Amino acid sequence: MKNYEKYISKSAIEKIHEKSLYILENIGVQVEHDKACALLKQHGAQVEGHLVRLSAEMVDAALALAKPTFDLYSSTLDKPLTVGGGSSLVGPASSNIYINDDGYIRKMDDHDVIRQFKLSDTSPVTDFNSINFTVDHTHMSDDQLKYGNMVTALKYSHKPACTARPNMFNVPEEQIYSEYKRGVDLFKAFEGIEGNEKIVHVGLMNTLTPLALHGGQIDMAYAICEAGQAIWLAPCGMPLMTAPASIAGMMAMTNAEVLMGYVLCKLINPDCAFIYGNTSGSTDMRAVQLTIGTPETALVCYVTAGLADYYHLPFRTGGGLSDAKDCDIQAGMESMMMIEASVDCGADFIHHGCGTIGAFNVISFEKFLMDEEAYTMAWRMQRGVNCEDKLFLMKDIEKTGPRGTFLSGRTPKTYRQEFFMSKYMNKEDPNQWQNAGSKSVRSVLKEAVETRIAAYTAPDISGDRLKIIEAYLPDSYKESI
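All residue numbers for the sequence shown refer to the working numbering, where the first residue is 4 and numbers rise by one.
Don't read these hints as lab results, they were simulated from the structure.
Take these hints with a grain of salt, some might be off.
Straight line, CA to CA, 25 Å or less: simulated DSS-like cross-link-like pairs of lysine-lysine [said to hold, decoys possible]:
1) 70 with 201
2) 426 with 398
3) 328 with 442
4) 402 with 416
5) 426 with 416
Please read these numbers as outputs of a predicted model, since none were measured by experiment.
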């Protein structure tokens with residue numbers, strides 16, 4: 004029995020798939036891209052304008068090409084990362100435009116963007132790094148505006164910057180394919196990759212729920228797939244707004260969107276690596292807002308796991324998600340629930356892994372560190388209880404006997420391996436804590452954030468590789484960040 008089956012049966016997963024096929028065959032998905040519509044029609048899809056309907060046979064043919072795992076390469080790694088098979092690769096909060104700054108929510112500036120990048124780069128939990136788009140574009144060339152963030156991440160990250168991407172905001176739609184392709188070529192050149200034999204970039208694509216794929220996103224998908232890189236596709240349905248008012252209905256509809264995108268990607272390049280995704284949540288109809296720190300969002304993780312298992316695809320879902328506006332009790336409750344679900348369901352790629360509040364829109368640096376602790380606890384739970392003979396420590400029990408103590412000498416290695424030790428949570432005697440100044444966990448986290456960011460040092464990059472990206476680096480980041 005797989006972990007997702009605690010919440011949804013395999014027969015229910017098959018039923019969702021059947022409903023998705025019905026949607027694809029009878030309702031269709033709006034594919035807002037002439038070239039993509041022509042390609043789909045050429046392979047048997049019914050196309051009326053931009054409305055595309057797929058047969059079950061087309062879907063099955065594409066699913067026969069599914070890759071359950073793939074290797075992700077980076078010059079920062081001694082060996083590639085395997086994506087899939089429960090890889091549980093964690094990334095930082097991403098694309099947030101606000102920050103909670105000591106209890107006050109304000110718009111991010113470039114100083115915040117760099118600090119967030121450094122916090123992730125020094126994290127013991129994140130496996131890959133990303134950088135938000137900068138805000139101040141004064142004195143930037145057109146190329147620096149499009150590729151500056153991507154190459155800044157490549158130059159200054161000690162971890163794979165696989166999700167770093169060209170900035171396609173304000174690029175005319177007819178230029179998106181060629182400009183994104185330039186970015187992928189630049190990425191591959193920096194990583195020393197020729198041809199399509201190795202994956203170094205994971206492109207991000209979202210559906211336009213309900214039941215649409217946007218033309219600009221499809222242009223990026225063409226560039227990514229043709230370059231032999233990996234792509235993930237993730238909808239974000241809002242029940243009663245952009246999705247039906249039930250989890251089953253929402254998952255059947257958004258699954259149809261992902262399957263349409265998957266079939267298209269496999270027609271562009273049958274060998275492309277595809278990450279199945281879903282980040283749908285709930286809707287608070289009192290505020291008419293997307294909510295992601297809910298039990299239903301956690302259930303979406305498990306359904307996504309079941310569908311990805313059914314399709315034999317790696318998958319992205321979950322994260323350290325919360326609707327809270329501060330690093331507070333709500334943030335802790337919601338994130339622990341979501342992180343436990345993300346880890347327990349076996350998510351291969353966990354985007355927005357640390358620091359997310361405000362339904363994706365806000366970051367809290369203090370919560371970033373709190374989320375790291377939550378992952379460590381969740382992973383410890385997944386390890387379970389090891390009952391190897393040597394771990395019963397019978398000799399220690401015999402030696403100590405009744406009313407004795409097991410405390411002697413240095414802390415044994417067994418204890419350090421078996422028991423979780425928090426970096427930031429308070430475990431002291433109440434009187435010790437109070438006599439030491441009654442320091443809140445948030446204040447401890449705040450100090451730790453500054454210590455972590457101050458500890459960042461830039462990696463050494465060879466001169467030949469720097470020449471590849473130098474012209475694209477923003478002037479303020481050419482020497483240091």
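How the hints compare with the structure:
no., hint, in the structure
1, 70 with 201, "holds, 14 Å"
2, 426 with 398, "violated, 31 Å"
3, 328 with 442, "holds, 21 Å"
4, 402 with 416, "holds, 18 Å"
5, 426 with 416, "holds, 18 Å"
Of the numbered hints listed earlier, the single one contradicted by the structure is hint 2.
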